[in-house]
Amino acid sequence: MDISGIRHINEIAQNGPFAPEKVTFKGHIGNSGKILSSIHEAIVKTGLKDGMTISFHHHFRNGDYIVNMVLDEIAKMGIRNLTVAASSLASCHAPMIEHIKSGVVTHIETSGMRGELAEQVSRGLMEFPVVFRSHGGRAAAIARGELHIDVAFLGAPSCDPMGNANGYNRDEENATMCGSLGYAKVDAQYADKVVIITDHVVPYPNTPFGIPAVQVDYIVPVENIGDPAGIMSGATRYTKNPKELLIAKTAAKVIENSGCFYDGFSMQMGSGGASLATARFLREKMEADHIHAHFALGGITGQIVEMHEAGLIDKILDVQSFDLVAANSLKNNRFHTQIDGCFYAGYDDGGAAVNALDFVVLSALEIDTDFNVNVLTGSDGVIRGAIGGHPDTAAGASMSVVVGPLTRGRIPTIVKKVNTVVTPGTVVDVVVTEQGVAVNPRRRDLIEKLTAAGIMLTDIETLRLRAEKIVGEPDPIKYLDRIVGVVLYRDNTVIDVIHQVDESET
Amino acid sequence: MKIVTAASAGTVESSDIIVRIEPREEKGLEIHLTSSVMQQFGKKIEKVIRETLDGLGVENARVEAVDKGALDCTVRARTAAAAYRAAERTDYEWRTKE
Numbered sequence: 013m014d015i016s017g018i019r020h021i022n023e024i025a026q027n028g029p030f031a032p033e034k035v036t037f038k039g040h041i042g043n044s045g046k047i048l049s050s051i052h053e054a055i056v057k058t059g060l061k062d063g064m065t066i067s068f069h070h071h072f073r074n075g076d077y078i079v080n081m082v083l084d085e086i087a088k089m090g091i092r093n094l095t096v097a098a099s100s101l102a103s104c105h106a107p108m109i110e111h112i113k114s115g116v117v118t119h120i121e122t123s124g125m126r127g128e129l130a131e132q133v134s135r136g137l138m139e140f141p142v143v144f145r146s147h148g149g150r151a152a153a154i155a156r157g158e159l160h161i162d163v164a165f166l167g168a169p170s171c172d173p174m175g176n177a178n179g180y181n182r183d184e185e186n187a188t189m190c191g192s193l194g195y196a197k198v199d200a201q202y203a204d205k206v207v208i209i210t211d212h213v214v215p216y217p218n219t220p221f222g223i224p225a226v227q228v229d230y231i232v233p234v235e236n237i238g239d240p241a242g243i244m245s246g247a248t249r250y251t252k253n254p255k256e257l258l259i260a261k262t263a264a265k266v267i268e269n270s271g272c273f274y275d276g277f278s279m280q281m282g283s284g285g286a287s288l289a290t291a292r293f294l295r296e297k298m299e300a301d302h303i304h305a306h307f308a309l310g311g312i313t314g315q316i317v318e319m320h321e322a323g324l325i326d327k328i329l330d331v332q333s334f335d336l337v338a339a340n341s342l343k344n345n346r347f348h349t350q351i352d353g354c355f356y357a358g359y360d361d362g363g364a365a366v367n368a369l370d371f372v373v374l375s376a377l378e379i380d381t382d383f384n385v386n387v388l389t390g391s392d393g394v395i396r397g398a399i400g401g402h403p404d405t406a407a408g409a410s411m412s413v414v415v416g417p418l419t420r421g422r423i424p425t426i427v428k429k430v431n432t433v434v435t436p437g438t439v440v441d442v443v444v445t446e447q448g449v450a451v452n453p454r455r456r457d458l459i460e461k462l463t464a465a466g467i468m469l470t471d472i473e474t475l476r477l478r479a480e481k482i483v484g485e486p487d488p489i490k491y492l493d494r495i496v497g498v499v500l501y502r503d504n505t506v507i508d509v510i511h512q513v514d515e516s517e518t
Numbered sequence: 057m058k059i060v061t062a063a064s065a066g067t068v069e070s071s072d073i074i075v076r077i078e079p080r081e082e083k084g085l086e087i088h089l090t091s092s093v094m095q096q097f098g099k100k101i102e103k104v105i106r107e108t109l110d111g112l113g114v115e116n117a118r119v120e121a122v123d124k125g126a127l128d129c130t131v132r133a134r135t136a137a138a139a140y141r142a143a144e145r146t147d148y149e150w151r152t153k154e
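Going down the list, the protein sequences come from chains A and B.
Counting along the first sequence from 1, when you hit position 323 you're at 335 in our numbering, and nothing is skipped either side.
Counting along the second sequence from 1, when you hit position 90 you're at 146 in our numbering, and nothing is skipped either side.
Just so you know, not all the hints are guaranteed correct.
[Claimed, not checked] Away from chain A, derived, C-beta distances all over 12 Å, residues of chain B:
id : residue
1  : Thr61
2  : Asp72
3  : Lys83
4  : Glu120
5  : Ala136
[What the hints assert, rightly or not] DSSO-like mimics (lysine-lysine), calculated; alpha carbons at most 27 Å apart, straight line:
id : chain 1 : residue 1 : chain 2 : residue 2
6  : B       : Lys153    : B       : Lys83
7  : A       : Lys428    : B       : Lys83
8  : B       : Lys103    : B       : Lys124
9  : B       : Lys83     : A       : Lys429
10 : B       : Lys100    : A       : Lys481
11 : A       : Lys88     : A       : Lys57
12 : A       : Lys490    : A       : Lys428
13 : B       : Lys83     : A       : Lys255
14 : A       : Lys428    : B       : Lys99
15 : A       : Lys490    : B       : Lys58
16 : B       : Lys99     : A       : Lys481
17 : B       : Lys103    : B       : Lys83
18 : B       : Lys124    : B       : Lys99
19 : B       : Lys153    : A       : Lys481
20 : A       : Lys429    : B       : Lys58
21 : A       : Lys113    : A       : Lys265
22 : B       : Lys99     : A       : Lys490
23 : A       : Lys297    : A       : Lys461
24 : A       : Lys261    : A       : Lys205
25 : A       : Lys265    : A       : Lys297
26 : A       : Lys481    : A       : Lys113
27 : A       : Lys428    : B       : Lys100
28 : A       : Lys428    : B       : Lys153
29 : B       : Lys99     : B       : Lys83
30 : A       : Lys252    : B       : Lys153
31 : B       : Lys124    : A       : Lys481
32 : A       : Lys297    : A       : Lys261
33 : B       : Lys83     : B       : Lys100
34 : A       : Lys255    : A       : Lys490
35 : B       : Lys103    : A       : Lys481
36 : B       : Lys124    : A       : Lys429
37 : B       : Lys153    : A       : Lys429
38 : B       : Lys99     : B       : Lys58
39 : A       : Lys490    : B       : Lys103
40 : B       : Lys58     : A       : Lys255
If you're looking for bench data, these hints aren't it; they were derived computationally from the structure.
Ideal Cβ positions, reconstructed from N, Cα and C, are used throughout, including at glycine.
Using the sequences and the hints, build the whole thing.
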């Protein structure tokens, strides 16, 4: 008799007394097949080849070991001509210089660059210019396929055998942690192959997770993923600098009288000294007037967490945690939520969180009399910063406030023309310095409100002249024709280029 | 003012300049400047040092200056102090602001 003629014979056979032994849950996860023994094995399995694009996140900031670890192995294997698409790069990535010289890395995409790598790129290290994107611009470019990632190598402080990864772990109190994996989430979602590199394989399920297992192809356990001291500090400290305190006090006053400060408002604060202090002055006003915020967005610091825990801020949307207090809050507070780069600032998504901001407080290296802001290149023309979410939040928020000292040492902050336009003056509303407040003439509504509130306003040219009177007029920086960097606005159109600095005379 | 010995004034703190002045056999001023703002203000700082020494009547001297973004008033003060010390002069005439 042909038993295959019996309907559902397979299911019956699989569940009957002669069914094969069930794979246990524990056995199953132990054999998920995703855990590999080395980075080398992961590179082989992902099929990484010459000319491909690999990506990294910068949640480990200047404590990151992942980029150097992976590139060293790739170089050993003889793979060349790669594009490194990192969400950002830090001083600790100087070893990449050797991989650029040897042709392993030929293209870089990043939000920013610092240290020796940035110095050398500014002096013409690379044949092809570095592409600088904002956090929102990068996320959108990945989602739209403009920036295609072949393999993402993502460091994670915890991961289970299935691949559920997160920026902290619940098993050990003193482990490496970075809090939100916001920028890495986009890479995990869209890259062809995703490798999680972790120092803690934890039992399944590693929930809540930053990156879900379905997006993860391979997991490589390693001894160390980063230097905790370089990843984040215990708590971001309040400034004691009287100049910064004066700027912060003034900025808080501007915000209070701008119409953006009402019960249920939303905000984003930078992590610079003056913007952190602004949060402190705002807090005093919120407590006095019984005003609370509906949400705070962005790079999150301990100050925002304290306000959340005190009931002054309902919800925190965290794309990047700036200190341990923030990272711990992400772990412990129900309404402190991890969000990804697209959710945060994607430009083609009208629902991006930046578009719901009432105001944002930002810093600047240079601001010019057209209100253009530079946060990327120093006054000597050398790359020394990062775009971050600057243009995304300035464009999205109802009011963008840029805070900064009139001069830093002998370097004026307010100049005739910024070295590099990162955020266009059309989306910058108020500039607050210790020597005066200037409102973009485009915002007549703000000028009226602030004047009515008795805040002394000045125009930006007056601020520039004040700075010039103190420091003198700087000689213009000399550049060569060669372009070393292309700066993209948040919609990924070119807003400026960075030329190689000409140091032949100095 | 004749430079008779080597002397210095200033610090290498941010926004300061350290100026070291020593005798020079040959005629003229020989100025070596390094600055954290060389590209933007190098020429100006050198000019201020030169003018200050000219004003004091220093004709022959070798000057070594390390600048960390000092303003012109600081450059003038440090240069003058170093020159007086290097000339072993203590008769500096203090002026009040007019």
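Here is how each hint holds up against the structure:
no., hint, in the structure
1, Thr61, "holds (30 Å)"
2, Asp72, "violated (10 Å)"
3, Lys83, "holds (26 Å)"
4, Glu120, "holds (17 Å)"
5, Ala136, "holds (19 Å)"
6, Lys153/B to Lys83/B, "violated (34 Å)"
7, Lys428/A to Lys83/B, "violated (41 Å)"
8, Lys103/B to Lys124/B, "holds (16 Å)"
9, Lys83/B to Lys429/A, "violated (42 Å)"
10, Lys100/B to Lys481/A, "holds (14 Å)"
11, Lys88/A to Lys57/A, "holds (16 Å)"
12, Lys490/A to Lys428/A, "holds (16 Å)"
13, Lys83/B to Lys255/A, "violated (46 Å)"
14, Lys428/A to Lys99/B, "holds (20 Å)"
15, Lys490/A to Lys58/B, "violated (38 Å)"
16, Lys99/B to Lys481/A, "holds (17 Å)"
17, Lys103/B to Lys83/B, "holds (18 Å)"
18, Lys124/B to Lys99/B, "holds (14 Å)"
19, Lys153/B to Lys481/A, "holds (18 Å)"
20, Lys429/A to Lys58/B, "violated (45 Å)"
21, Lys113/A to Lys265/A, "violated (51 Å)"
22, Lys99/B to Lys490/A, "holds (14 Å)"
23, Lys297/A to Lys461/A, "holds (18 Å)"
24, Lys261/A to Lys205/A, "violated (48 Å)"
25, Lys265/A to Lys297/A, "holds (9 Å)"
26, Lys481/A to Lys113/A, "violated (44 Å)"
27, Lys428/A to Lys100/B, "holds (19 Å)"
28, Lys428/A to Lys153/B, "violated (31 Å)"
29, Lys99/B to Lys83/B, "holds (21 Å)"
30, Lys252/A to Lys153/B, "violated (32 Å)"
31, Lys124/B to Lys481/A, "holds (19 Å)"
32, Lys297/A to Lys261/A, "holds (11 Å)"
33, Lys83/B to Lys100/B, "holds (23 Å)"
34, Lys255/A to Lys490/A, "violated (31 Å)"
35, Lys103/B to Lys481/A, "holds (17 Å)"
36, Lys124/B to Lys429/A, "holds (24 Å)"
37, Lys153/B to Lys429/A, "violated (35 Å)"
38, Lys99/B to Lys58/B, "holds (25 Å)"
39, Lys490/A to Lys103/B, "holds (20 Å)"
40, Lys58/B to Lys255/A, "violated (42 Å)"
Taken one by one, the earlier hints fail for this structure at numbers 2, 6, 7, 9, 13, 15, 20, 21, 24, 26, 28, 30, 34, 37 and 40, listed in ascending order.
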